[in-house]
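Asks: So the chains spell out like this:
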Amino acid sequence: GESVGLHLPTLSVQEGDNSIINCAYSNSASDYFIWYKQESGKGPQFIIDIRSNMDKRQGQRVTVLLNKTVKHLSLQIAATQPGDSAVYFCAETPLGSSNTGKLIFGQGTTLQVKP
Amino acid sequence: DSGVTQTPKHLITATGQRVTLRCSPRSEDLSVYWYQQSLDQGLQFLIHYYNGEERAKGNILERFSAQQFPDLHSELNLSSLELGDSALYFCASSGVAGGPDTQYFGPGTRLTVL
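Listed in order, the protein sequences are those of chains A and B.
In case it helps, the working numbering puts the first sequence at residues 1 to 115.
In case it helps, the working numbering puts the second sequence at residues 1001 to 1114.
Okay, chain A solo, but in the shape it has when bound:
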């Protein structure tokens, strides 16, 4: 069935280090992937997205990597800051969702940044 899973529930990193958050997805036909950040008491905030015809996309301090062979998605955050502490969700839009862009979310990884 449709599911997007995350490898680790909690990731703890030192301020200034790079963070890597991983996500495995099961629907090999998915064509769009997106990362959201959710801080306590707030709604998910868009970070970066990538389409299935790409392997890598970079934003400001963030990079998303897509490995379709092993159905793996990762989010890299450079020089992690205390403000990056949050829950990170990966999500996908399954191929064939031509009538909708509904998102299927993973369970989330909590990123803790130690000062």
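Warning: the hint list may mix true and false statements.
From the structure, some residues in chain B lie toward chain A, with a derived Cβ separation under 7 Å [as the list claims (entries may be wrong)]:
1. 1042
2. 1045
3. 1048
4. 1055
5. 1056
6. 1100
7. 1102
8. 1105
9. 1107
10. 1108
Simulated pairs of lysine-lysine, DSSO-like, Cα-Cα distance not exceeding 30 Å [as the list claims (entries may be wrong)]:
11. B/1009 x B/1057
12. A/114 x A/42
13. A/42 x B/1057
14. B/1057 x A/71
15. A/68 x B/1057
16. A/68 x A/56
17. A/114 x A/56
18. A/56 x A/71
19. A/56 x A/42
20. A/42 x B/1009
Calculated Cβ distances over 12 Å to all of chain A for the following chain B residues [to be verified]:
21. 1012
22. 1022
23. 1061
24. 1062
25. 1063
26. 1065
27. 1070
28. 1075
29. 1080
Hint data in this document are derived by calculation from the structure and do not stem from the laboratory.
Yeah, the Cβ is synthetic: ideal placement off N, Cα and C, and Gly gets one too.
Following the hints, position chain B against chain A.
Replies: Same frame as chain A, but now just chain B:
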């Protein structure tokens, strides 16, 4: 600030009651999505509307319904509430009718059913 607004922020009610959650999308967006976030189920897609028409349904209970009005705001109606309906309810908006596109989320409504 995503530009998506939701009211109320908090809602406390009793089992068996009915509530209405409201969402206003970003001014340029025609699509509205509703999601439920609970501790045990994570973020779950409920329903998608585009320009007033229903486009897709997810795991939405029959006790729940939604609509999108001509001014593009949307309402999610939850009836015969049960304890298990306690959750965060988010709406998100995007600019396209279907297919993948960035969705911008509102701040959510926290529903507590006692």
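Asks: Please go over all the hints and tell whether each is borne out by the structure.
Replies: The hints, checked one at a time:
A hinted interface residue such as residue 1042 of chain B counts as satisfied when its beta carbon comes closer than 7 Å to some beta carbon of chain A; here the least separation is about 5 Å, so the hint holds. Checking residue 1045 of chain B against chain A: minimum C-beta separation of about 5 Å stays under 7 Å; hint holds. Taking 7 Å as the C-beta contact cut-off toward chain A, the hint placing residue 1048 of chain B at the interface holds, the least distance being around 5 Å. At its closest, the beta carbon of residue 1055 of chain B sits 5 Å from a beta carbon of chain A; the interface hint therefore holds under the 7 Å criterion.
With its C-beta approaching chain A no nearer than about 4 Å, residue 1056 of chain B sits inside the 7 Å limit, and its interface hint holds. Using the Cβ-Cβ criterion of 7 Å, the hint placing residue 1100 of chain B at the interface with chain A is satisfied: the shortest such distance is roughly 3 Å. Because the beta carbon of residue 1102 of chain B sits about 6 Å from the nearest beta carbon in chain A, less than 7 Å, this interface hint is met. Taking 7 Å as the C-beta contact cut-off toward chain A, the hint placing residue 1105 of chain B at the interface holds, the least distance being around 4 Å.
Nearest Cβ of chain A to the Cβ of residue 1107 of chain B: about 5 Å, under the 7 Å cut. The hint holds. A hinted interface residue such as residue 1108 of chain B counts as satisfied when its beta carbon comes closer than 7 Å to some beta carbon of chain A; here the least separation is about 5 Å, so the hint holds. For the hint pairing residue 1009 of chain B with residue 1057 of chain B, the CA-to-CA distance comes to about 24 Å; that is within 30 Å, so the pair holds. For a cut-off of 30 Å, the pair hint linking residue 114 of chain A to residue 42 of chain A stands: about 21 Å separates their Cα positions.
The straight-line distance between the Cα atoms of residue 42 of chain A and residue 1057 of chain B is roughly 24 Å, inside the 30 Å bound, and the hint therefore holds. For a cut-off of 30 Å, the pair hint linking residue 1057 of chain B to residue 71 of chain A stands: about 26 Å separates their Cα positions. In summary, the hint linking residue 68 of chain A to residue 1057 of chain B is supported, as the alpha carbons are separated by about 27 Å, within the 30 Å threshold. Straight-line distance between C-alpha atoms of residue 68 of chain A and residue 56 of chain A comes to about 11 Å, which keeps the hinted pair within the 30 Å bound.
Using a Cα cut-off of 30 Å, the hinted pair residue 114 of chain A and residue 56 of chain A holds, with the two alpha carbons roughly 28 Å apart. Restraint check: the Cα-Cα separation between residue 56 of chain A and residue 71 of chain A comes to about 14 Å, which is no more than 30 Å; the hinted pair holds. Proximity of residue 56 of chain A to residue 42 of chain A is assessed by CA-CA distance (about 28 Å); at most 30 Å being required, the pair is judged to hold. Of the supplied pair hints, the one linking residue 42 of chain A and residue 1009 of chain B holds, its CA atoms being roughly 10 Å apart against a limit of 30 Å.
A cut-off of 12 Å between C-beta atoms confirms that residue 1012 of chain B is not in contact with chain A; the least separation is 16 Å. For residue 1022 of chain B, the non-interface assignment is confirmed: its Cβ lies about 15 Å from the closest Cβ of chain A, beyond the 12 Å cut-off. Against the 12 Å criterion, residue 1061 of chain B stays outside the reach of chain A, whose nearest CB is about 17 Å from its own CB. No beta-carbon of chain A is positioned within 12 Å of the beta-carbon of residue 1062 of chain B; the least distance is around 19 Å.
The Cβ of residue 1063 of chain B sits about 20 Å from the closest Cβ of chain A, beyond the 12 Å cut-off, so the non-interface label holds. Separation of residue 1065 of chain B from chain A is adequate, the least Cβ-Cβ distance of about 17 Å exceeding the 12 Å criterion. Look at residue 1070 of chain B: its CB is around 21 Å from the nearest CB on chain A, clear of 12 Å, so calling it non-interface holds up. Every CB of chain A is more than 12 Å from the CB of residue 1075 of chain B (nearest about 18 Å), matching its label as outside the interface.
Residue-level check passed: residue 1080 of chain B sits 25 Å from the nearest beta carbon of chain A, beyond 12 Å.
Comparing the model with each earlier hint shows no violations; every hint is respected.
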